[in-house]
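Protein chains in written order, with my numbering: chain V, 1 to 327; chain B, 1 to 301.
It should be emphasised that the hints constitute simulated quantities derived from the structure, not laboratory data.
Watch out, some of these pointers could steer you wrong.
[Claimed, not checked] Label pairs and their computed distance ranges (CB to CB):
hint, chain 1, residue 1, chain 2, residue 2, range
1, B, Gly89, V, Trp214, 51 to 59 Å
2, B, Ile40, V, Ala307, 25 to 33 Å
3, B, Ile108, V, Arg81, 24 to 32 Å
4, V, Met235, B, Leu277, 22 to 30 Å
5, V, Met235, B, Leu193, 19 to 27 Å
6, B, Ile280, V, Trp218, 24 to 32 Å
These figures come from a predicted structure and were not determined experimentally.
Yeah, the Cβ is synthetic: ideal placement off N, Cα and C, and Gly gets one too.
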Amino acid sequence: MAKGKTAYPGQRSLWERLPRQLRTDIVGYLFILPWVLSILIFTAYPTVASFVFSFAKYNVLQRPRFIGLTNYVYMFTRDTRLATAVYNSVYYTFLSVPLGLASSLALAVLLNARVRFVGLFRTIYYMPSLVPPVAGTLLWMLIMDPRQGLLNEVLHFFGLPRLGWFSDPQWSKPALLIMSFWGIGSGTLIFLASLKEVPHELIEAATMDGAGSWRRFWGVTIPMISPVILFNLVMAILGSFQVFTSAYVAGSGSGGSLAGGGPSGTAGGPLDSLLMYMVYLYAQAFRYFEMGYASAMAVVLFLVIMAATLLIFRSSGRWVYYEGGRR
Amino acid sequence: MTVPSLATTAAPVPYARRGSRWAKFLRHFVPPLISYILLIAVGIMFFVPFLWLIITSLKPADQVFTIPLTWIPHPIMWRNYPDSLHHSGFPFVRLLRNSLNYAVLSTIGVTVASALAAYSFARIPFRGREIWFAITLGTMMIPGVVTMIPTYLIFKWLNWVGSYKPLIIPSFGGGAFYIFMLRQFMMTLPWDLSDAARVDGASEAHILLRIMLPLMRPALMVVVIFNFMGCWNDFMGPVIYLNNTDLYPLSLGLYAFLNRGNRAWHLLMAASLIVTLPIIIIFFLAQRQFIEGITMTGIKG
Numbered sequence: 001m002a003k004g005k006t007a008y009p010g011q012r013s014l015w016e017r018l019p020r021q022l023r024t025d026i027v028g029y030l031f032i033l034p035w036v037l038s039i040l041i042f043t044a045y046p047t048v049a050s051f052v053f054s055f056a057k058y059n060v061l062q063r064p065r066f067i068g069l070t071n072y073v074y075m076f077t078r079d080t081r082l083a084t085a086v087y088n089s090v091y092y093t094f095l096s097v098p099l100g101l102a103s104s105l106a107l108a109v110l111l112n113a114r115v116r117f118v119g120l121f122r123t124i125y126y127m128p129s130l131v132p133p134v135a136g137t138l139l140w141m142l143i144m145d146p147r148q149g150l151l152n153e154v155l156h157f158f159g160l161p162r163l164g165w166f167s168d169p170q171w172s173k174p175a176l177l178i179m180s181f182w183g184i185g186s187g188t189l190i191f192l193a194s195l196k197e198v199p200h201e202l203i204e205a206a207t208m209d210g211a212g213s214w215r216r217f218w219g220v221t222i223p224m225i226s227p228v229i230l231f232n233l234v235m236a237i238l239g240s241f242q243v244f245t246s247a248y249v250a251g252s253g254s255g256g257s258l259a260g261g262g263p264s265g266t267a268g269g270p271l272d273s274l275l276m277y278m279v280y281l282y283a284q285a286f287r288y289f290e291m292g293y294a295s296a297m298a299v300v301l302f303l304v305i306m307a308a309t310l311l312i313f314r315s316s317g318r319w320v321y322y323e324g325g326r327r
Numbered sequence: 001m002t003v004p005s006l007a008t009t010a011a012p013v014p015y016a017r018r019g020s021r022w023a024k025f026l027r028h029f030v031p032p033l034i035s036y037i038l039l040i041a042v043g044i045m046f047f048v049p050f051l052w053l054i055i056t057s058l059k060p061a062d063q064v065f066t067i068p069l070t071w072i073p074h075p076i077m078w079r080n081y082p083d084s085l086h087h088s089g090f091p092f093v094r095l096l097r098n099s100l101n102y103a104v105l106s107t108i109g110v111t112v113a114s115a116l117a118a119y120s121f122a123r124i125p126f127r128g129r130e131i132w133f134a135i136t137l138g139t140m141m142i143p144g145v146v147t148m149i150p151t152y153l154i155f156k157w158l159n160w161v162g163s164y165k166p167l168i169i170p171s172f173g174g175g176a177f178y179i180f181m182l183r184q185f186m187m188t189l190p191w192d193l194s195d196a197a198r199v200d201g202a203s204e205a206h207i208l209l210r211i212m213l214p215l216m217r218p219a220l221m222v223v224v225i226f227n228f229m230g231c232w233n234d235f236m237g238p239v240i241y242l243n244n245t246d247l248y249p250l251s252l253g254l255y256a257f258l259n260r261g262n263r264a265w266h267l268l269m270a271a272s273l274i275v276t277l278p279i280i281i282i283f284f285l286a287q288r289q290f291i292e293g294i295t296m297t298g299i300k301g
């Protein structure tokens, strides 16, 4: 709308003479310009480039040399460390995701059942999620110390054997799982909030129809919060396939480094038992500077994650309930 | 008739079976008792590691590993804190300065850029808005691992590796999730104020700054807190881009401290607690925004 003072068309500035929609477009795009640039430079280009580099041998110093499918062939046929990394990541994901989801939901349900001190419990459960990952990993390395760590002494107290945890290839991944379990509090908060949104009338109606608490839970509560379960499930899978910090710190801190400990090493823990997919990818890219091979690894992980997500969304039609029918 | 559940026990049951008083008592008290026992048990499991962190940070070196366990350090070593801060393996002041530099700059960038983009998506009906918004949602589906290597190569080419630029500059484009969240929040704000301002000839920038920003404070706080925490905790980014120990942030400094010869666990725990403390303080100061932020990520996603 023209301002009051512009009395004559000839006096309008160039900007004001532009068609209104065009002015809106210009302002709109000006506002999202940083974001659009960011999408192009830091998302679109790298995603495409990852696919391109995955067909090349590229060590940063020399120009990339295209070698066709060699990286992929090597990945699937010869790289035994990669097989270990895949095994470790799958092991970790398949245990940590369902266990974490189920227990954070269970905690939320308990907290939702008109308990006292909800605030206190909520804070206690959430506190561990506030501890920075490196600090948290250090703490658990101390607690699970193979000699006289707190956990071993607790086990001993109950007449169980002391374990090697991070220094024992058999127990290092369970140790990582226990550690991840400590951080389920944020999931609990999300579930708790969604449980509060379940309409009370529905629960009451089910009660009137004679449904016990078990039936009410599975028949009303679970369907009502199923979109949140779906979201948390997808996020948890994304996160656990890409787990890095805890495995890297615990792996290199437990005498399992291959190229010398410290930030310059490639940490895999004892017998590579903590060599997660991301840790190995990191080593290939930034320790061995095999950018092409690491890109191929990234592409494969990307495809696996996409396939898993797609599979979950496909199946979600059967178990996820959306208010107002299917969207 | 089915067994009445908890919610209906208040209804009068005139001719109850024998022993129903006892059954009623059980129904009333046992389930809550069980849930309290479970809640407290889990609470202990969650809290004891935390407690152990504090206890160990106050121990003399020779009480870290003892049989039986030492629960109360004797004497209580308050000086572990100054000791860890002055330890040559943990140059705290420098690490803190680097962490703050990273977190503050990145947070300023991401908040400004995300607010701008979110405002545009929520309130400016430019052509192509739906498409760009859909693309924004789409980028959230792309895991960081796919963009990691080419992004590194871009910064390598720019000769920025070995500085904080690769960690900070991308923030100035905004973040997909923050944009989405802020946009959803803006959609719930009333239109009349901004409409009135627009009729008075206010520019979009003016409307955003003077009218929308004050209303958006809670949502912006969520962005600020989450991004700050993300940078403070970030380990992978610094590990990839920083090779000079002078540039290490706290997270990397802690890690380097771990890998320095014989491990002084009491000092390591003191250092860990010092690194954790700011986050805990932020949590208690802004608990409401914090919890809203966490639940918003879950529910509106």
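**Asked** Could one say that the CB atoms of B:Gly89 and V:Trp214 fall in the range 51 to 59 Å?
**Response** About 55 Å separates the Cβ atoms of B:Gly89 and V:Trp214, which means 51 to 59 Å holds.
**Request:** Could you check the hint for me, namely that B:Ile40 and V:Ala307 are 25 to 33 Å apart, CB to CB?
**Result:** With Cβ atoms ~42 Å apart, the hint is violated.
**Request:** Go ahead and decide if the range 24 to 32 Å is satisfied by the Cβ distance of B:Ile280 to V:Trp218.
**Result:** violated, 37 Å
**Request:** Go ahead and decide if the range 24 to 32 Å is satisfied by the Cβ distance of B:Ile108 to V:Arg81.
**Result:** The hint (24 to 32 Å, Cβ to Cβ) is violated, given that B:Ile108 and V:Arg81 are roughly 42 Å apart.
**Request:** Evaluate the given range 22 to 30 Å for the C-beta pair formed by V:Met235 and B:Leu277.
**Result:** holds, 28 Å
**Request:** State, for the Cβ atoms of V:Met235 and B:Leu193, whether the hinted interval 19 to 27 Å holds or is violated.
**Result:** violated, 36 Å
Of the hints listed earlier, those the structure fails to meet are numbers 2, 3, 5 and 6, in rising order.
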